[in-house]
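Peer 1: Below, each chain spelled out in residue letters.
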Amino acid sequence: MQKNVRLTYFLFLALIISEVLHLSIDVGLFYAGEARAYLISLGVLFLKDFLGYVTVASIYLLIRRQIASHALPDTVAWVEPEDAFKRGAILIVLIIVFLSVYSALFSPCDFNPEEEIPASAPQTIYSIFKSHLTILTFGSYLLALFIVAERLILFRRLKNTKSNFILMAAFLTLGTVAMTGSKKGDKINVLAIAFLSVAGLMMLVNLFRLSWILPIKRDEKIRAIFLVPLIIGGIIIALDRLKLQEHFTAYSFSISLFLEGIAIFGVLYLTVTLFSLLFYLPTSEAFERKSSEVKNLYAMSKFITDVFEEEKIYDSLVSYARQACGASSSVWFDLYHPYSEETRSAESTTASKLPNLQWRDLNGEYGFFKTVAQQNISLEDIQRFSSKAGFIWKQIAEKKSIVRIDDIENDVRFGASPSALKQFWRRIKSTPASSNGIGSIVSVPLVARNKLIGVLCVSKDVEYGFVKEDLELITTFADQAAVAIDNSRLIRELIDKERLQQELLVAQKIQLRLLPQSQPKMKGFEVDGVSYPAYEVGGDYFDYVQIGENSTTVGIIIADVSGKGTSAAFYMAELKGIVQSLARIYPNSPKEFLCKANETIARGLEKASFISALYGIVDTERGLLHLSNAGHCPAVVVQSNTAHLIKMKGMALGLDKGALFSRNIQEVQVELNIGDVVVLYTDGVIEAVDKHGEQFGYERLMDVARRSRQKSASEIKNDIFNAVNAFTNDGGAVRDDLTIVVLKRCHIPQP
Amino acid sequence: MASFNASVRQSGKTYIIDISGDLDAHTSIELERTIQELIDTGRTNIIVNFSKLNYISSAGLGVFMSFIDEVRSKGGDIKFSNMPDKIFQVFDLLGFPLLYEIYDDENKAIEKFQMTAS
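For the protein sequence lines, the chains are A and B, in the order given.
Per the working numbering: the first sequence = residues 319 to 1069.
Per the working numbering: the second sequence = residues 33 to 150.
Don't take every hint at face value.
[Said to hold, decoys possible] Pair ranges (Cβ atoms, derived):
| # | chain 1 | residue 1 | chain 2 | residue 2 | range |
| --- | --- | --- | --- | --- | --- |
| 1 | B | 107 | A | 808 | 40 to 50 Å |
| 2 | A | 976 | B | 41 | 35 to 45 Å |
| 3 | B | 84 | A | 1010 | 12 to 22 Å |
| 4 | B | 61 | A | 809 | 23 to 33 Å |
| 5 | A | 823 | B | 137 | 42 to 52 Å |
| 6 | A | 976 | B | 61 | 24 to 34 Å |
| 7 | B | 84 | A | 828 | 31 to 41 Å |
| 8 | B | 84 | A | 1040 | 27 to 37 Å |
[Unchecked claim] Once the Cα atoms are required to be at most 27 Å apart in a straight line, the calculated DSSO-like pairs of lysine-lysine come out as:
| # | chain 1 | residue 1 | chain 2 | residue 2 |
| --- | --- | --- | --- | --- |
| 9 | A | 967 | B | 118 |
| 10 | B | 106 | A | 975 |
| 11 | A | 778 | A | 706 |
| 12 | A | 925 | B | 118 |
| 13 | A | 925 | B | 106 |
[To be verified] Computed far set for chain B versus chain A, every beta-carbon distance over 12 Å:
| # | residue |
| --- | --- |
| 14 | 50 |
| 15 | 74 |
| 16 | 137 |
| 17 | 139 |
These are calculated hints, taken from the structure and not from any lab test.
Yeah, the Cβ is synthetic: ideal placement off N, Cα and C, and Gly gets one too.
Whenever a hint applies, use it, and build me the whole structure from the sequences.
Peer 2: Spelled out as structure tokens, the structure:
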């Protein structure tokens, strides 16, 4: 940055110094040379030319830096062509006015035309000043023109474009330099002629680089057509009528060659530009349209890969569609909500109250449409329209096909008569307000994976407002948006699923901690249990409660919460709390315990849920098991090589809140001798099926228990589990959570 | 996937739901909807015929529990009929016979409805 500023100052300084020196030489020569015009030494002329080069080069670089620093971002052209023309036209007018005023004030200030060498015959001292002012103003202008022309020519450059331009500029400069030290009237030397001819040739090559014209907008082109002749005229007037050409020559003959060269090139280039503008004008609109379509399509397709928020997709779909169809069109998007099994009754009642509901299937077969984004039209207007045009939405829902209405007023689907005369009359009568400003409409369904997502409606206030290209474009937008919305839904689903999975894992961990982590110490008894949930989270529960001191009384519960998943897990947690607290309050009677547990838990359970439970209290001193059953699978007892079920009456917890439950529950006392085994289990064991659909059942369970009775409680539990697994292997299934608890009375090791 | 189907028949002022297949946590939603529709339209004399049911889980039983209070408060009832042994055992175990009338023949259930009506 610092360096840049310093360079600018340096250029300025160079400009001023060289200009002041040049001016003083000219002024000196004016006074000294009146008498001895022919005696000017060659050295002075060289010095004058050299100072002139410094001046022109400084001006050129300053202007170039100025334009470049104000360049628009992301453009090689640095300037907007139309903006450049506007400034160019204003500037040339100002320069002409300025120099004309100067000439009028200080007249005469030109050159003596009768002199053989006019440039060396200034009429007054003001002629000298005018020459210098001309260089500083009009000379600068031509240099600026040259820079702008360069940028325009280099726009969308081809391989040789840049070198062509540089060659032209270089040969022009060489031609100028070759003439250093000459004065007006001198013959142009051979070298200069050669250089300038090549420069002229290169000009012709460069003249037809006009690719910048195509992309500029139509109205900009029209303005440019008026501005360009103004600039051309201005340059010609300045050079010819104001005799500025002579002043260039007076300043420096070689520089005048350069500036005139630029002027000729500028005028020619502008002329070609003018004709091109005229030729391109008619096709300009089509080009603009196409390019905006491409731009919109690109923006839209980029957008859909970036954005996963559905609401944003609706909005941008609507705004892109409107951009594509022109500002006068109205666009809205209706989201489709198909009736689902659960929502049918609820939605059909709540949906009818919504202000943005456009249509719903009263037969309950399809669903309903709600407007979620709109532009250039109010919800009320859409609603007023949709109340008449329900068939559009109906057809979209049923057939998922495009609906196009070219003339709303006279469409038979709106109940209009097909008679031509009536149509004519109605058209004369009709006002835009009569159809909410909708003359024609296109409704395009958004379909992804053969499912309807919604409908994009584009309307225009005129009849027959849509051509085939519009339709194609709208359809493309709709298709892209459909994919985008579908993607966003899939992604959301995936995220939800993953989150649910995470939550379930947490629930599973918690649930596993609710089950006993170790076996209770019981004198003369062994106990072991296991629980496998069918899904991540199960509804089975078993637990031990140390009731009495010295491990003489232990409560054992096994329970099955109805339903699966998270809610079952919560009830299970609740149940554990109840069991742990009530077991000590009712240490003797499992029946009382269950009645109390029922009262407590029935209040918290939802209607559809209940819990079957089997509760036993083991009295290790007397070898007794007190059992009570609340709707649970009967316990299996194995005593001296025979197994039997202990069937009891009883209802599951939560089915009845009190009296009925207490009336029906029973309690039994089982005497357990050494070697006797009790198996508690949940229905997952009984209802496990093999590949033929046959259940594992009570008989098989009793059989396994009986055969394994000699083993330890832990081994018996494993044997039962393995038997169930072997049974379901090869095409069967355990349909429910599976829980087994085995209690065994064993020998007391003699101390 | 286990198949399940629930269809409604009418006999006088009584509506019979025939259920078949496996009634578990997933398929119970369909039965729920069927019963809900009957209740919504004021048809509360309901008999569920179990003759073709193969399996019922606790969630399936929960469906009846969730509707019974509402149906009875509207003067109707849900009665069960034609239960295969396997299914009845499940109901029996949980104590459902204490809460619901279970008939071995559908016609007896219909008669019962007619008797209470008259």
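Peer 1: For this structure, which hints from the list above don't hold up?
Peer 2: none
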